[in-house]
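Trainee: Going down the list, the sequences are from chains A and B. Start counting the first sequence at 1; every next residue gets the next number (this note's numbering). Start counting the second sequence at 114; every next residue gets the next number (this note's numbering).
Each hint should be verified, as a subset may be incorrect.
[Claimed, not checked] Pairs of lysine-lysine, BS3-like flavour, derived with a Cα cap of 25 Å:
1. A:Lys105 / B:Lys122
2. B:Lys184 / A:Lys71
3. B:Lys170 / A:Lys5
4. B:Lys196 / A:Lys105
5. B:Lys184 / A:Lys105
6. B:Lys184 / A:Lys42
I should point out that these hints are in silico values taken from the structure, not numbers from a laboratory. Just so it is clear, the structure is predicted and the values come from calculations on it, not from any experiment.
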Amino acid sequence: QQQVKQSPQSLIVQKGGIPIINCAYENTAFDYFPWYQQFPGKGPALLIAIRPDVSEKKEGRFTISFNKSAKQFSLHIMDSQPGDSATYFCAASGMGGADGLTFGKGTHLIIQP
Amino acid sequence: DGGITQSPKYLFRKEGQNVTLSCEQNLNHDAMYWYRQDPGQGLRLIYYSQIVNDFQKGDIAEGYSVSREKKESFPLTVTSAQKNPTAFYLCASSRTNQETQYFGPGTRLLVL
């Protein structure tokens with residue numbers, strides 16, 4: 001089974017700090033790498049996504065770094081706020097996402113005031 | 114108001130019973146997906162459909178069935194063959210060949 005390995009499982013950061021969540025994949029056919037944010041009892045919401053032809057993408061306080069040779073990508077949250085406390089999932093897919101996403105197991109992030 | 118709706122929010126299943134979860138979207142998306150979420154397991158793909166009257170099994174399709182008779186609707190049936198159905202079920206949709214999947218609010222299924 002194709003896998004995406006996500007770490008850490010949980011993370012506590014002080015307000016203003018920069019939490020970093022890492023993901024690694026095995027399938028070289030993956031060509032789309034989104035990050036989702038999920039609050040308790042809600043569906044995941046897309047935060048930011050990247051394709052392998054770029055090494056970094058920024059949207060607001062969220063940045064994805066992508067290392068194609070290492071088959072790794074990570075999410076950085078700048079100037080983190082208590083409202084960023086949520087579960088974050090990385091995911092990957094091939095065929096531009098048409099065949100469904102393979103998700104990491106999630107990171108429970110807590111931003112302390 | 115555009116989006117994806119799932120109903121009911123909570124669903125209780127008795128032993129040996131089939132139950133159906135509803136998913137409707139008014140985004141005019143061609144592709145629809147069903148995922149199962151368990152604590153500490155992330156989301157796992159059950160079934161997906163790229164077009165009306167066509168669907169494919171995902172990673173954990175055993176014990177589930179789907180239909181896609183209309184573009185806007187993709188119901189999921191949890192059959193009695195699914196021995197561990199307690200989970201949070203999420204429906205998603207996307208435009209054909211577009212990567213962004215939009216998720217509904219989910220249905221929590223519990224076994225009595």
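Trainee: A separate judgement is required for each hint: does it hold in the structure or not?
Mentor: Here's how the hints hold up against the structure:
1. A:Lys105 / B:Lys122: 23 Å, holds
2. B:Lys184 / A:Lys71: 36 Å, violated
3. B:Lys170 / A:Lys5: With Cα atoms ~22 Å apart, B:Lys170 and A:Lys5 stay inside 25 Å; holds.
4. B:Lys196 / A:Lys105: 22 Å, holds
5. B:Lys184 / A:Lys105: Distance of about 30 Å is beyond 25 Å: violated.
6. B:Lys184 / A:Lys42: Within the cut-off at roughly 24 Å; holds.
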